[in-house]
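Participant: Keeping their order, the protein sequence lines are chains A, B and C.
Just so you know, we're using UniProt numbering here: the first sequence kicks off at 1 and counts up by one.
Just so you know, we're using UniProt numbering here: the second sequence kicks off at 1 and counts up by one.
Just so you know, we're using UniProt numbering here: the third sequence kicks off at 1 and counts up by one.
Quick look at which bits of chain A chain C covers, simulated, 3 or more residues with Cβ under 8 Å:
{"hint": "1", "region": "46–59"}
{"hint": "2", "region": "68–80"}
{"hint": "3", "region": "92–103"}
{"hint": "4", "region": "137–151"}
To be clear, the hints were calculated from the coordinates, so they are not data collected in a lab.
Here a beta-carbon is modelled for each residue, glycine too, at the ideal position from N, C-alpha and C.
Residues per chain, in single letters:
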Amino acid sequence: MAKQAVSFTLNGKTVDVLVEPRELLIHTLRENLNQTGAHIGCETSHCGVCTVDIDGESVKSCTLLTVQTAGSDVKSVEGMATADGLHVIQQAFVDEHGLQCGFCTPGMLMRAYRFLQENPDPNDEEIRWGMSGNLCRCTGYQNIINAVRTAAKNLQQA
Amino acid sequence: MIPSCFEYHKATSIADAIAKLQDNEDAKLLAGGHSLLPMMKLRFSEAPYLVDINGIEGLKGISIDGDTITIGAMTTESELIRSDILQQYCPLLVEAAKLVADPQVRNKGTIGGDVAHGDPGNDHPAVMLALDAQLVIHGPDGERMIPANGFFLGTYWTALEEYEILVAIKVPALTSGTGHGYHKLKRKTGDYAVAGSAVVVEMNGDVVRDIRIGLTNVAPMAIRAEAAEDLIRGKRVDDVLLKAVEKAIVAACDPAVDLRGDEEYKSHMAAIMARRSIIQAIENAKE
Amino acid sequence: MDTVADKQKREDSLNGVGCSRKRKEDARFIQGKGNYTDDIKMPGMLFADMVRSPYAHARIISINTEKALALPGVHAVLTAADLKPLNLHWMPTLAGDVQAVLADEKVHFQYQEVALVVADDRYIAADAIDLVEVEYEELPVLVDPHKAMTAEAPILREDLVGKMEGAHSTRKHDNHIFNWQAGEKDATDRVFDAAEVTVSQDMVYHRVHPCPLETCGCVASMDKINGKLTVYLTSQAPHVVRTVVSMLSGLPESSVRIVSPDIGGGFGNKVGIYPGYVASIVASIVLGVPVKWVEDRMENISTTAFARDYHMRGELAADSNGIIKALRVNVLADHGAFDSCADPSKFPAGFMHICTGSYDIPVAHLNVDGVYTNKAPGGVSYRCSFRVTEAVYVIERTMDVLAQKLGIDKAEIRRRNFVKKEQFPYTTCLGFELDSGDYHTALEKVLDAVDYKGLRREQEEKRANGELMGIGLVTFTEVVGAGPSKSCDILGVGMFDSAEIRVHPTGSVMARMGTITQGQGHQTTYAQIIASELGITSDEIAIEEGDTDTSPYGLGTYGSRSTPVGGAATAVAARKIKAKAKKIAAHLLEVSEDDLEWEVDRFKVKGVPGQEKTMKDIAWAAYNNVPEGMEPGLEAVDYYDPPNFTFPFGAYLCVVDIDKDTGVTDIRRFYALDDCGTRINPMIIDGQIHGGLTEGYAVAMGQEMPYDEEGNLLGNTLMDYFLPTFVETPKWETDYTVTPSPHHPIGAKGVAESPHVGSIPTFTSAMVDAFAHLDVTHMDMPHNAYRVWKQIKALGLLDN
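Next up, chain A with everything else stripped away, as it sits in the complex (with noise of 0.2 Å):
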C-alpha cells in the first residue's frame, strides 16, 4: 500500500513521516520518531498506557491511525519536562510513590496532566472516575490517587 506524508506537531516540533494508511500512531511515535515513552499494552484501547495528548484531548494512540493526526498538535510524556525543570504533576508521582514497574507511567501522566486541566480542583471519586481509562498492575492507585490529589494542589499554588 502506498505510503502518505504526514506532518504533525509533537511536542512543539514538526514532525514528518511517510506511513502506510494503517500504521497507528502509537508505532509511529515508537518505531519512527523513537519516542519509546508510551506504550503498548493490550492494543484493544483498554489499558491506557499508550495514551498521549492530541490537540487538547487525552487519547489512546494504539486506536488511532497515523493519518488521522495530520496537522495536529500531538503531547507526549517526553514533552512534559522543560527545561525549568519536572513538571509539577511528574514530581507529585516521585512524591507520592505513584509509580512502580513504570510501564503505564507515562500514559497515567499525560492523563493526569489533561484531567486536571479539565478539573483542576478534584475530589477523590472524581480522580477514580476522570483518570479510569488507564490502568495499573504495580500500584492498586492509591497512591496514583495521592499523586493527583498533590499535583492538583500544587498546581493551583504555582
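Add chains B and C to chain A, keeping to what the hints say.
Facilitator: Here is chains B and C on its own, set in the frame of chain A:
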C-alpha cells in the same frame, strides 16, 4: 494486533464521503474508530477502503431550535457530556454518555458511530428509543429522516441503506412533567453493559401518561420493552406494578450468552436496570 | 560536634533502612526514558510473529509456507521441521518435562506455537502469519482435569507414551504427570477416623493469569563475528535463562549474554522460558541479524504462564472446642499440555505443604496429582511464592468451615489454634521451620482497629432485615525466600542469590545483584541496606541488575526472594567490606581493631573523642594507604545461601455488602496488617501492599480463564480479562507489626506477595460470610456479580 492494508480517504464533505462509499467496494466509514479499529486489528473485520468523516464540517455540534435538539453525528461522547444544552434539556444523553467506555475513548467515540454501528452492546441505541429520536440520514438520493424506533434491525444491522450516512440525530427537549433515567450494569469500566435500560416518562400528576423503555444488550439489537410500557401507561407506579413490569421485561429479552452472564441473568438484570430507571425517571419528572 | 543531634543528623542523611526515601529509579520512568524490551532497536533488526493453532488438540497434516515466504519483506518462516536438525524443536522445562518450541506433528492447546514468521517489520509479519497454511486433523479434546486419568481420556502426550517414570514419580496414566505427598498418611487418617469433629470442603482455585501490562518479549542478536549471542528479554531470572540457552544452543555460557532491561511488571509471568524466545534466538542465529519478538495481549493471556488451576479438598479433624487434631489436603493439579511450572526442582507442587498455615497442627497429609489437559502450559506463581496462594487458600477456607460447623467465631477458632509466640522457631508437621511470628498480636490489632464486635452486631441487624453483609477474616503465613540450597534448586543450581559491592575511592558505591527488579524498587531498597551497613548515603549508591555479563549469578526475582535472599547477600557483602574497613581504620588511627566502635558512618576510637575515620576517609585510604600485606581496594562479593526460608504473616479483614438484585459486591472495607519483619522502606512496602491487594481483588472477584468443551479459551483480551480500574479498586487500609526474622542478616522477610496471598481467601471468606447464616460454607471464585447472583437465586433470596 495489526490491521490488514487499506486505502484511506479523508472526506471533505458528506457528498464526497457518499461518493467514495459508492466508488470503493466494501468501503467503511471511519468515525471515532474505537469499535472499527480494534475489530480490524483483531482481523475480525477487514475493509479495503476507509472513508474518514472526522473532518467534515457540519457533522459536529449540538443546537436547539424550539423543542428540538439537533446533534451532529460526529459529536463525541465527551462533547455530549460537556454540552450545556444537553445538561439542561436532555440530561439523559449526558448520563448515558458518562457510562460509555472511559475518558479517552469518549474523546474519540461519537454518538453517530455508536448508533449506526448496530452493536446491541452500545449505549445510545436504547437511549434513542427511549427519547423517540429521529435520525437524519444522507444518501445518494438525498436526505431522509426516520424514527429511531425501527432503525435497529439486528446485530450490526440497521435501516441504513447502502452508501447512506447518519448525519444527525434529533431528540425532543425535556418538557415539564417528563423525566428520564438510565441504568447500566457492567463488569468494569470500559465494558459493554451486562444489561442497560433507558427510560423516559411523561407524568400527569402521579399517573404515568406515557413511557418509553429502551433496553441495551439483551437482544440482537436495542429494543423497546413495549409490553412493559403498556402495563405502566395510564397507571400509578407501585411495587406490585413494578413486579409485573419486571416480568414483562424478562420476557422481552433475548440476550446472547457470554462471560457477562447467561440468558436468565442478563434478562433479570435488564428488568432490574429498567426498574431503577423507571423509579429514577418518575422522581426526575417531579423536579 | 559529637552530640546526639549530630549523630541523628548523620543517621538521617544516610537515607538508609527504615526511611521512606523517594525511589532512585523514578526519574527515567516519569520522563518516558524507561528502557523496556520493546523499546530496544538494533541495526538491521527484524520482527517475528507467531503462527498459532486455532485448535486445542489436532494433528498437523501439513504446513505450507510458500505464500508467506513470497510476501515481500518476509525473511524466513520457521517450523518444527527447521528446528529438528538443530534438536531445538523441543526444549526442556524447569519442571523436568519437555515442551514443543514449534508444534511437532501435533498441537496440544489452542494458540500453541506452530511457526515463526520473520519479516522486516511487525506489519509485514502480521500479514505473513495469515499466509501460512496449516492443515489440521482435529483430535478429541481433554479439558476437564477430573477426566484426565479415566480410561476413555484421549492421550495427549504421545511423546511420553510408555515412559511411566516421570520427573517426580511414577506416572499412573499417560495423562498423569506426577504424584507428590508430604506428611504422614496413615497417622493422619487414624486421627480423622477417631475425631470428634471433621469437616471437608471441595474448592476450585480457578485458572488465572498474572497479566503484567508489558507482555513477554525479546530481542535476540547473534553476533557471528565474535560468536556472541545477546538476548534482551523480559525475564525475572536472566541468569537461569543464560544457563538454559547455553545448554540448548551449545554456546559456552560466556558467549551468551542475557539482559533483562526495565520490566513492565512480572508477577510470575516472566519466570519461564517460552517458545517465542527460543524460536527468536534460532531465527537470529540462522539469519545473522537481530530478531525481535513481542507478544500481543491475546498471546500473553492465552499462552505464557497461567497460574493456579488447583482443584482442592481441605479436611480438618478437631475436638469439640475447635482444637485442630489433623489436616488432610488433596489436590488435582491441572498443568495444561506441558509441565512448565517454575518450581524448585524437588517440589513439583511448590511449597503447597505450607498448608498448615499459622496453626499448631499435630499431623497432616498432603497429596497432589498433576495431570495434562489440552490447555496452555504454566502453573506459575502469580505474585506469590510457589503454590503458597493455593496453600493459604485451602487452610483458611477450611478453618472457616470448621468454625462454622462448630458455631465458633472465625477469629476465636484461629486464636485457639495459632502457633504461640513462645513456640517459635516452630517446626510444622509438614516440615517447615517457621522462623518467627506473633500471630495473636496481629489478629487482635486488626480486630480492635475495625471494631470487630461492632461489625458483627451490625451484621446481625442487617441479616434480620434480609440484607447481605459479610465479614472475611484471614490470618495467613507465607513461606518465601527460596531457598536453602540443601532443598531448593532450579536445574541443579542452588537457590542462593548474590551481591557484589564496590566502594570507589571517593566513597560512592556501585553494587550489582543477581536479582532483577520489576517495579519493587531494588535500586532504592538495596541502596538503603548498603547505606545503613556502610554509613554511605543511599543517594551515592548505584544498583545494577539484569545483565548477566556484569552481575553476579543469581536465581532472580520471584517468590518474594529478593529481600530474603538478595537483600541478605547485600547485607553480608557490605559487612565484609565493613570488616576490611575496620582494619584500615585501625591502621589509619594506629590502634587495635578492638579499640574501635562503629557509629553511623565512621569508626571511632573508644573513649577518645575526635579520633575517628569516616567510611569516606577509609574508602580513600583503601586505594592508597592500606596496612601492610592487605590488598588495596574495597569491594566484596557474597553468594548467600539462606539457612532457612522466611515466613511473613498477616491478619486481613474485609467487609462486603452485596446487592441482592444484581449480585454486585461492594468492598466496604479492607484492613490489611502485614508483618514482614524489618521494614526497609515503609513507603515502598505500602505501595507493594496496595498493589498485591489489588491483584488479589482482581483474582478473587473477577479474573478467570474459562475454556469451552473444545478447549477454546474464552476471553483473552482486556475486554473480558478483569484488570480492575481506578473505579472498581477498593480503598485499602494498611497496618503492620514487626517481628524480625532471626536468621536474616537484617531481620527482613519480604513483603510484596503477602497481600496477594492473604487477600484472596479474605475476599472469599467475606463473600461466604454474607451467606453463612444460610448454611453456605464455600463459594468458588471468581465472585463476580453473575456468579453471586446465581448463589442468591439458588438460595431463594430473590424478591419475587
